[in-house]
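*Asks:* The primary structure of each chain is shown beneath.
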Amino acid sequence: MKLLDITKEIGTATYGYPFEPYEVHEGFRGKPEYTYDKCIGCAACAIACPPNAINVTYDKNEDKLKWEFDCGRCIFCGRCEEVCPTNAIALSKEYEMAVKFNKNDLLTKGYLEVVKCKKCNKPFTTKRLVNYTIERLEAAGKTVTDKIIENLHTCPECKKQTAVEKFVKTSHFGGTK
Amino acid sequence: MSKKPTVIMPNDIIDANSVEEKLKLLKDIKRSFNVFRVDCGSCNGCEIEIFAAITPMWDPERFGFKLVASPRHADILLCTGPLTRQMYYPLLRAYKATPDPKVVVAVGACGCTGGIFHDSYCVWSGIDSTIPVDVWIPGCPPHPASIIYGLATALGILDQKLKETINNADDGTPPFIQEPVLGTVLFERDVYMEAKRLMGYLFGKKLYEKFINAVKSSKDPKNIEFTKFAVLKAIENEEDSRYAECMALLFNNVYLKFVKKEKKVTPEEIITLGEGND
Numbered sequence: 249m250k251l252l253d254i255t256k257e258i259g260t261a262t263y264g265y266p267f268e269p270y271e272v273h274e275g276f277r278g279k280p281e282y283t284y285d286k287c288i289g290c291a292a293c294a295i296a297c298p299p300n301a302i303n304v305t306y307d308k309n310e311d312k313l314k315w316e317f318d319c320g321r322c323i324f325c326g327r328c329e330e331v332c333p334t335n336a337i338a339l340s341k342e343y344e345m346a347v348k349f350n351k352n353d354l355l356t357k358g359y360l361e362v363v364k365c366k367k368c369n370k371p372f373t374t375k376r377l378v379n380y381t382i383e384r385l386e387a388a389g390k391t392v393t394d395k396i397i398e399n400l401h402t403c404p405e406c407k408k409q410t411a412v413e414k415f416v417k418t419s420h421f422g423g424t425k
Numbered sequence: 092m093s094k095k096p097t098v099i100m101p102n103d104i105i106d107a108n109s110v111e112e113k114l115k116l117l118k119d120i121k122r123s124f125n126v127f128r129v130d131c132g133s134c135n136g137c138e139i140e141i142f143a144a145i146t147p148m149w150d151p152e153r154f155g156f157k158l159v160a161s162p163r164h165a166d167i168l169l170c171t172g173p174l175t176r177q178m179y180y181p182l183l184r185a186y187k188a189t190p191d192p193k194v195v196v197a198v199g200a201c202g203c204t205g206g207i208f209h210d211s212y213c214v215w216s217g218i219d220s221t222i223p224v225d226v227w228i229p230g231c232p233p234h235p236a237s238i239i240y241g242l243a244t245a246l247g248i249l250d251q252k253l254k255e256t257i258n259n260a261d262d263g264t265p266p267f268i269q270e271p272v273l274g275t276v277l278f279e280r281d282v283y284m285e286a287k288r289l290m291g292y293l294f295g296k297k298l299y300e301k302f303i304n305a306v307k308s309s310k311d312p313k314n315i316e317f318t319k320f321a322v323l324k325a326i327e328n329e330e331d332s333r334y335a336e337c338m339a340l341l342f343n344n345v346y347l348k349f350v351k352k353e354k355k356v357t358p359e360e361i362i363t364l365g366e367g368n369d
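Residue numbers (our numbering), protein chains in the order written: chain A, 249 to 425; chain B, 92 to 369.
Hints in this document: simulated from the structure, not taken from any laboratory.
All values derive from a computational prediction rather than experimental measurement.
One or more of the hints may lead you astray.
[What the hints assert, rightly or not] Distance condition first, Cα-Cα at most 20 Å in a straight line; then the derived SDA-like pairs of lysine to any residue: (1) B:Lys254 with A:Glu342; (2) A:Lys364 with B:Ala260; (3) B:Lys348 with B:Ala260; (4) B:Lys297 with A:Ala338; (5) B:Lys252 with A:Lys286; (6) A:Lys286 with B:Lys348; (7) B:Lys254 with A:Lys364; (8) B:Lys296 with A:Tyr359.
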């Protein structure tokens, strides 16, 4: 009977979950929330992700950049949030993530339009990234000339090629310039 | 690397474990659910959370979950870990020993897809590579509430929240860039980088917002006296002393450099904290 009195004094310690909501503590790292409108497809998160839960690939059938997140593989480290330049991905407090029968429910996908290189016509980045770069340059007080825009629409491989060609034409290699 | 042995599941096990049979079991069962836990090479993080979930704090025996010591007594198999090669046959034996129909739950990132070990040579990456899985509980490790939620979803007490989302409406519009305070986004960039360096990415983000709001609240952000007054006010109102100190550092190290390009900073302009307290 003494034990019953003690329990009465202390009350119920058990959480009411799942019959009433449970609040996780401050700073809890739950499901990464993806804001599609903010994503520029720079793939920084895909490079930072330790278990490759985020994959950024070029989808040939759709002719678009595919951003894919597999919640089942995520280890909730928060590196994607750390590197995202536009805060498109941020860890939420969501912890109710279990799915049944269909594993595809764990996936989040986003398709982004690609830009093709002006010289070799290969896709290399997204439209959003190019436009974002131009807007940031303007906001930083730089005048965006046609040369800059053309540079932005050229893939790194072609840029390398043109730089080498220019260098070969200089007087060091017997060129005219 | 040797090839994974192909699992030949007897037909009677497959027939006895269809979705209809499982739903019938969940509906008609008139006793507690017995749970057997299989550790398939887990790091024991998930085990700790499972044991946290069966303590009186969470008490899953309210809705009839009991941990049992043998798969022959079990209805539900809780499988953790990325399924190492050594645990391949023991898992199959545990699966075959469980009476039909059985519910298999994969717990943790490793159990769902292999997690951080997904491309390792010594694992088969996920429980579903070998035996059919019904419920996946992601998390590394999952919170006890997540485990309770997963078990409750398996029983049909709660509904599943996540759905596959596919975003496919892009017209190339870049995300909105906020109006720069000092006329150039380079200031915001430098403040953000310095804030991250001072307090890390999580608190650095909050510090950045607090500092930018303080600068915005000044009458003229380009005027040092007004901005110093506004930042000092924000520092006074700040309850957390870490933010207060870092805001002063941001003002001294980033803001003053931006406003006074080459001229030297005079001592009157610098914010010093803790003066006269000791």
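*Asks:* With a cut-off of 20 Å on the C-alpha distance, tell me whether lysine 296 of chain B and tyrosine 359 of chain A pass.
*Replies:* 28 Å, violated
*Asks:* Do the alpha carbons of lysine 297 of chain B and alanine 338 of chain A lie within 20 Å of each other, as the hint requires?
*Replies:* 13 Å, holds
*Asks:* Lysine 252 of chain B and lysine 286 of chain A were given as a pair; does the straight-line alpha-carbon distance stay at or below 20 Å?
*Replies:* 23 Å, violated
*Asks:* Hint check: lysine 348 of chain B vs alanine 260 of chain B, CA-CA at most 20 Å. Holds or violated?
*Replies:* 42 Å, violated
*Asks:* Measure nothing beyond the straight line between the CA atoms of lysine 254 of chain B and glutamate 342 of chain A; if it is 20 Å or shorter, mark the hint as holding.
*Replies:* 14 Å, holds
*Asks:* Within a Cα-Cα threshold of 20 Å, do lysine 286 of chain A and lysine 348 of chain B meet the stated pairing?
*Replies:* 31 Å, violated
*Asks:* Does lysine 254 of chain B pair with lysine 364 of chain A here, judged by a C-alpha cut-off of 20 Å?
*Replies:* Answer violated: lysine 254 of chain B to lysine 364 of chain A is near 33 Å, above 20 Å.
*Asks:* For a C-alpha distance cap of 20 Å, please report whether lysine 364 of chain A and alanine 260 of chain B respect it.
*Replies:* At roughly 19 Å apart (the allowed maximum being 20 Å), alanine 260 of chain B and lysine 364 of chain A satisfy the hint.
In this structure, the hints that do not hold are numbers 3, 5, 6, 7, 8, in rising order.
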